[in-house]
Structures are given as structure tokens and as C-alpha cells.
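Using the hints, position chain B against chain A.
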Amino acid sequence: MPIPLTLQFINLLAALLLLVAFAMLTQRRILSLINLFALQGAVLALSTFVVAYSTGQHHLYYSAGLTLLLKVLLLPWLLHRLIQRLNVRWDVETLINIPTTMLVGIALVIFSFNLAAPITQLAEGLTRGLIGIALASVLLSLLMMLTRRKAVSQVVAFLSLENGLFFAATSATQGMPLVVELGIALDVLVATFIFGIFFFQIRETFDSLDITHMEKLKDD
Amino acid sequence: MIDLQLMVLLLTPLLGGGLLAVFGSRRWAAELNSLMSFATFLAAVVLTVRVVESGPQVAFNEQFFIDQFNVFLVALTAFVAFTTSLFSRPYMRIEQHHGKLSVGMLHLYYSMYQLFTFAMLVALTTNNMGIVWVAMEAATLTTVLLVSLYRTPASLEAAWKYFILCGVGIALALFGTILLYFAAERVLGEGGSALLWTHLNQVKGDLEPTVLKLAFIFLLVGYGTKVGLVPLHSWLPDAHAEGPTPVSAVLSGLLLNVALCAVVRSKVLVDGSLESHFAGNLMMGFGLLSVVVAAFSLFRQKDIKRMFAYSSIEHMGLITFAFGMGGPVATFAGMLHMTVHSLTKSAIFFAVGHAAQKTGTQLMENIRGLLQVSPTVGWGLMLGTFAILGMPPFGVFASEFLIITTAMHEYPWSTPILLIALGAAFAAIFGKVQPIVFGETTAKPLPHPPALIPVFAHLLLVLMLGLYMPPYLADWYRQAAALLG
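Protein chains in written order, with the UniProt record's numbering: chain A, 1 to 220; chain B, 1 to 485.
Incorrect hints may appear among the rest.
What the hints assert, rightly or not - Calculated pairs, DSSO-like style, for lysine-lysine (alpha carbon to alpha carbon, straight line, at most 30 Å): (1) B:K302 x A:K216; (2) B:K432 x B:K100; (3) B:K432 x A:K216; (4) B:K302 x B:K432.
Said to hold, decoys possible - Rough simulated footprint, nothing fancy, chain A against chain B, three-plus residues with beta-carbon under 8 Å: (5) 112 to 119; (6) 126 to 134; (7) 146 to 157.
To be clear, the hints were calculated from the coordinates, so they are not data collected in a lab. Here a beta-carbon is modelled for each residue, glycine too, at the ideal position from N, C-alpha and C.
If we strip away everything but chain A, and leave its shape as in the complex, we get:
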């Protein structure tokens, strides 16, 4: 049976999503990192739109629009303004060097595909096989959070993690109920504002956004 064109397209977008996640993992310039995040948001919005079109789920059009508005336009704009005002450009050193991070990333992708295999076998609908990719991009963002030193890159990683989750929700289940999605979007937005407040507080207190200053609280 030939694979329908829409499904091929969604598969392509899924691959792109994963690729962007890898690109973010290796990117050290904060400006490019934010641009990549916006790109990932765009891929997500497009794939949501295609799923909406091919399954006839009207509420997914709203989520696609919401993603576009929030993750491609509003959040990157806010982050751009923040880094301008804070004057940070580079994430000086990652905690592990980049080739090693890449290797760990590849291992994570293999792991996620294995983990998702039983679910993929159950899949019957249009796009249900994609949950492995969604899980992989979630874990890659998690890895990025762990290996970064600057508060801003950690936050971009956090937001990109949310992107992976949204992809899981739209591709695996044709979207969560709208009220849940709206709630999640609101939480993400509020979280970003709080992160912004934090950046200023952290910089005021430590004179930098390097989170290695914040390793004082230990038990001993």
C-alpha cells in the first residue's frame, strides 16, 4: 500500500524536528539557539496544521495557530529582547564537549525508539508511529538542559522540551482536548515571563547568567 502523501509530509516534518533538536544541542551562540527554537516551533505548527487537515480535527487548527503565535513569534521575540537587554551572546562552555554530547544524543534516540516500540506496534491511525521521534526530541532537550551553563540556554532547552511534548500530543493522539492545550500554553507563557524576571534577578545578584555560580547549596 503506498503511503499517503500527507503522512510522508508529516514524517518529513518529524525528521526535521529531530534534526533541529540536534542542531540546538550543538549550537553555542545564544542568538542562533533562539532562531533554531523559532524554527522548531514553525515545524511544529506546520505539522499540527497538516494533521488537522488530514484528519479533519478542527480544534487542531486552533492549536496550530496558537503554536505559531506563541512559539514562533511571541516567545522568540521576548527572548531576543531579553538577550539584548542582558547583553549575552555566547554560551561560553558546555559542560561536556560537543562531539560527546552528540554521541550521547544518538544513544538517546536509539533508546527512545526502543522504548516507544511497543506503542508503535499498537498504532493504527495516521501518525501514531511518530511517538518515538517525539520522545527522542524530549530527551534531547533534557540533555541540553543538563549540559548548559547559561541560564538563557537552559530556558530555551526547557521550551524546546515543551515543543517535543506538543509534537507527541498532536502526532500520537491527534491533540489533547482544547481546554488542556490552552492551559498548557498559558503555563508556558507565564513560565517564560517568570524566567525573564529571574534573569534580571540572577544577573543583579551574581553579575552574570552563569549558573555555575549557583552551586552553593549543598548538604555538607
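Below, chain B without anything else, positioned relative to chain A:
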């Protein structure tokens, strides 16, 4: 009727948050805060009586669901939120007097306090597993800025850690929720009803076991981060030690319970689907590990609030273990332990807060002779410590006794581990609190009257629960335990 009662319960703290966002810098903001919390408490009492008398209820087009299990947490949350607001009125004034807090910070504190209560109550009463997630995340967001309220380097670090760790944790819980929806959609069809707990509970036997297994792992790790289960607990001692004391009290006494409630709800579904004890076993494992690690970490603590934060990890571990064992007795004991732990731990934090305020330090070696400085604070701390250590006749003894005897009966191998850990916790905490209360000091008596009515009110309740459990309450908890199976 139930719609109206629930609406009052939820809208009161929301309205309070709005009012205090506007009037939070006025002189009477603290009184308004207490008043709104009192109104919320009254609404919770009305709702509780209703549910206990006429059984589980759904409201607002099935979007909310209240049964004997979550209504006890609603009542507990509203009560402790109210007493904490009473405590925080003089406490925060003194902090302001000491120059630690500005009017603007207090403004933030009051409005976020109400919104935090609102988020917890929504997380408890909603029937929608997706909304549980949204409300839990909202509860984190409202408290993050409260943890960093003092804006010291340490408090900023603690808040950042709390934000990042709980953010990641709860993101994993969202993945678990998505998997749950994936499994449910195949049975219940697409749309809103596939995330409603009551519907899921009816069809749990038909849900795909492999997917639910995976979903539960994500849900447990996710919400478990918030419960403070080892090894996901590292945010908890920092946030409790560096945040203002009323926030430590509500985090420890309330938020951890709310997160655990979400885990328990998931467990019911997963064990129903697998027809095995998979979820229960996982919870028992995590719970036991938390009890042991926390108990032995207690010895190393120098900061008094940090030490009691570790004690919270220990008790949450014990409760998780109890719910993991399942069955009517263990579940009953778990609920009772949640109740007495919340009451006792918040009382302890109140007393500790005043002691730290008086001496200007949280380091235990610098706090001595509380009985000479302020007998009420000293006795409050001592009695609270007795209670939390499970000394009879306090209620903690009763619940711990029930948990351990059930464990002895069902899982005998776990009993020595529990007993050793509890013994270690006893030695650690008692050894450190004793000189703080009874030691010699040259400090002068407190210049201000401490707000200790909440401390003794809580301890009295805990004492009462240890001596005599009213049949009404026992019956109510028994029904809840039966519902959870």
C-alpha cells in the same frame, strides 16, 4: 447545588488573588489574606460535609469530581492554608520590620499565596487528568517567586533549582498524560471524555497495559519530583530552607500531598488495567528508598529548616509506601498520615520560623535555650518534634503503627528497613532539637508576641487524632480507602 458549592470554593481564592494583586500593598492586606483564606476554608467545610454525607459527586459537566478521598485533601489544604495565613500576618510584619522584606515583596507574597491555594484546589478537584497537570504546573509557577522572595543569592539558587527541576519533572508527567490519553482514546473515543478520571476508572480494565505501564513510569517520575521522592528530591530541602517560613509550611504541608494525590489517582488506573501490582510495587520501592535516604541525611544537616525538609521527604516516602501497598488498612493509614503530617509539619515550621527570627540564624548550633527565650516557641517546637517522631499519644504514632503492622503482615522484608530508618530519624532529630530547646542561652526574650495559636491548634488536633478518632472521620476515611481499592 454541588456546582455552586464547588464554584464558591474555587472562586474565593481566585478572587482573593485578584483583590490582593490590587490592594496587596495596603496596611490591611494581611487581614484580607486571612479573611479570604477563612472564607475558602468555610467553603471547603460545606463541600466536605456534603460529599461525606452523599458520596462522590461530579460537577460542571463532569469536569470536576469530588469523592471522599480528594475532599479530605481539600479540607486539609483549606484548613492549613487558613492557619498559615494567620501565622504569616505577624511573621511577615516582623520580617518587614527587620528590613528583609519590602512592601512590594509582601504585595507579591499575598497575591501569590491566594493563587497558590487556588491552583492546589483545582488540581485536587478536577476530574480531567490534563487539567491536573495544568494546575500542578500553575502551583509551581505561583511558588517559584515566593521561594526567591528574599532575593539573597541562596534563595535565588534555590528557586532556580526548584523551577528547573520541577519544570522538567512535570514535563515528564505531561508525557505520561499524553500516553494515558493515547491509550484511553482507543477505548473512549476522541474528545474530552478520554481524559476524565471517572470515565477512565470505568474502563480501566480495557486500557492497553503496555502503554499504561509506560505512562505510569512517566507520571510517577514527573509528579514524584514534586512529591520529593528520592532520587528526585534535590530541589526540596533548598526551597524549604531558603523560602520564607509560611511558604515552607505550605509547600511541605500541602503541595507535596497534592502531587501525591495525582500519583495515587494514576496508580488506581494502572493497577486496574494491568491487573497486577506493578504501580503499587514501584511506589513502594520509591517510598522505601525515600524513607531510608532521608532518614540518614538528617544526621548531616546543620540548618534547622533543611533538617525538617528532609523529614518531609521521609514522611512523604512513608505515605507513598503506604499507598503503594494498597488495601483498605494501608490506604486508610496513608490518608491519616497525610493529615497528621501536614498538621504537625506546618506547626513545626511555624515554631522554627519564630526561633530563627529571634536568633537571626537558621544554623542549629547557634540556636540554643529556646525555653529561656520564649517558652511557648520552645514547647511548640518540642511537642511538634515529639509528634513528628511518632511518639504516642500523637496521631503520627497511630498512622505509623498502622503502616508498619500492615507492612509486617503483607511485606515482612520491609519492616526492618522501615524500623531502622525511623529509629535513625528519631536519633537524628531528637539529638539536634533537644539542645535547641533546653540548652543555655544569653539571648533576651522575644520582643514581640509570637503567633503561636496555629502551632498549638495543629498539635492539639494531632493529639486528638492519636487519642480518639471520631467515628465520623474514621468512617469517612474508610469509605475513601474502599474507593481506591
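So is the region 112 to 119 of chain B in contact with chain A by the C-beta rule, three or more residues under 8 Å, or is the coverage claim wrong? violated (count 0)
Distance restraint between K432 (chain B) and K216 (chain A), which requires alpha-carbon spacing of 30 Å or less: holds (23 Å)
Cut-off 8 Å, C-beta pairs, minimum 3 residues; does the coverage of the region 126 to 134 of chain B by chain A stand? holds (count 5)
Coverage criterion applied to the region 146 to 157 of chain B (partner chain A; beta-carbon cut 8 Å; 3 residues): holds (count 7)
Could you grab the alpha-carbon distance between K302 (chain B) and K432 (chain B) and see if it respects the 30 Å cut-off? Holds, because 9 Å separates the two Cα atoms, which is no more than 30 Å.
Does the alpha-carbon distance linking K302 (chain B) and K216 (chain A) stay inside the 30 Å limit? holds (14 Å)
Is the Cα-Cα distance between K432 (chain B) and K100 (chain B) 30 Å or less? Given that 30 Å is the threshold and the Cα spacing comes to 27 Å, the pair holds.
Hint check: a violation occurs at hint 5 only; the rest are consistent with the structure.
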